[in-house]
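Trainee: For the protein sequence lines, the chains are A and B, in the order given. For what it's worth, this note's numbering labels the leading residue of the first sequence as 992, then goes sequentially. For what it's worth, this note's numbering labels the leading residue of the second sequence as 543, then goes sequentially.
Everything labelled a hint here was simulated from the structure, so no lab data went into it. Hints should not be assumed to be uniformly reliable.
Which residues of chain A face chain B? A few of them, derived with a C-beta cut under 8 Å, are [to be verified]:
#1 P1016
#2 S1021
#3 V1063
#4 M1065
#5 Y1110
Not close to chain A: a few residues of chain B, all C-beta gaps over 10 Å, as computed [unchecked claim]:
#6 R629
#7 I637
#8 N638
#9 R639
Fair warning: this is a prediction, and the values are worked out from it, not measured in the lab. Ideal placement from N, C-alpha and C gives every residue a C-beta, glycine not left out.
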Amino acid sequence: MTGQLLFLYFGGMTVAGAIVAVAAPNLVYSALALLVTFIHIAGIYILMNAEFIAAVQIIVYAGAILVLYLFVLMLFNPRQEKLYMHKQYKVGVFLGAVVLFLMLFAGFRTEILSLGGSYTPDLVEELGHTRAIGNALFTDFIFPFEMASLILLVAMFGAIILAGSGRRRRKGPGGRVDLSARDEAKKALADS
Amino acid sequence: MIPLEWYITLGFFLFAIGVTGVLIRRNVIMMLLSVELILNSANITFVAYSNYHQSITGQMMVFFILTMAAAEVALGLALVIALYRVRTTLNIDEINRLKW
Chain A
992 MTGQLLFLYF
1002 GGMTVAGAIV
1012 AVAAPNLVYS
1022 ALALLVTFIH
1032 IAGIYILMNA
1042 EFIAAVQIIV
1052 YAGAILVLYL
1062 FVLMLFNPRQ
1072 EKLYMHKQYK
1082 VGVFLGAVVL
1092 FLMLFAGFRT
1102 EILSLGGSYT
1112 PDLVEELGHT
1122 RAIGNALFTD
1132 FIFPFEMASL
1142 ILLVAMFGAI
1152 ILAGSGRRRR
1162 KGPGGRVDLS
1172 ARDEAKKALA
1182 DS
Chain B
543 MIPLEWYITL
553 GFFLFAIGVT
563 GVLIRRNVIM
573 MLLSVELILN
583 SANITFVAYS
593 NYHQSITGQM
603 MVFFILTMAA
613 AEVALGLALV
623 IALYRVRTTL
633 NIDEINRLKW
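Kindly produce the complete structure, drawing on both the sequences and the hints.
Mentor: Here is the structure:
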């Protein structure tokens, strides 16, 4: 009973935060509403006996990813736009509702029986959730783990190359050539 | 005990809200934020089934989704910065020329 009440609180706050994040006109408010969503999702993970995942959720999502978003938002300081949604936003809302009803319709067509695996709550409690995760991560999932580190390395290189200073591009002869090419194209367009 | 269907329904709701956000917002950064909501709904569903089947595989999947989400955010925001340098706009309606 207590668990269900807690779930209703966490789930309600999650959905409410998500709706505010999607609908708020101010981008910083959106990011902060998303913070509320992430923290309450961590609460839901705790209800599901996944304490370590909850901690990682707060550290990585609320701590790293959202701070990155806030940095970029404040770097750009985007002006408040009157039309922050598409003109045809009703179509988008309708399509989202269609997706929701399709999933609710399709998701509960079959009854799923519990397989009863080996990681029971008692075992996890005895072993500790972090140790249980670590045991699985460094034995059965060692290859995906290495691949994940490779993905992070590639993402780091990509981010540095993409967002790094564009000074080199401006200094080189390429930029001037591009500009003159654009002017010539404009002239040709004006002549014709 | 909370039934499995509650968690799955919560995941569905988050996914639908995320899809709606990708469709209706005009700002590129907000579209990336909505993608985060979609990834979180997938995480909730994975952990729910992991808890239900008493297997730890679903929670390992959550780790790799987290890794992918971090990489996606870093690359996506880098692309947004590069885009802003070239076009000085973040409005998705004005970014309509594939050739800059």
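Trainee: Compare the structure with each hint and give your call.
Mentor: Against the structure, the hints come out as follows:
The criterion of a C-beta within 8 Å of any C-beta in chain B is not met by A:P1016, whose closest approach is roughly 10 Å, and the hint is violated. Hint status for A:S1021: holds, given a least beta-carbon distance of 6 Å to chain B, under 8 Å. Hint on A:V1063 holds. Least Cβ distance to chain B is approximately 5 Å, under the 8 Å limit. Taking 8 Å as the C-beta cut-off, the interface hint given for A:M1065 is violated, the closest approach to chain B being about 11 Å.
The interface hint given for A:Y1110 is met, as the beta carbon of that residue sits about 5 Å from the closest beta carbon of chain B, less than 8 Å. For B:R629, the non-interface assignment is confirmed: its Cβ lies about 12 Å from the closest Cβ of chain A, beyond the 10 Å cut-off. Look at B:I637: its CB is around 14 Å from the nearest CB on chain A, clear of 10 Å, so calling it non-interface holds up. Taking the minimum C-beta to C-beta distance to chain A, about 13 Å, the non-interface status of B:N638 holds against the 10 Å cut.
The claim that B:R639 is not at the interface with chain A holds, since no C-beta of that chain comes within 10 Å of its own (minimum 12 Å).
Comparing the model with each numbered hint stated earlier shows that hints 1 and 4 do not hold.
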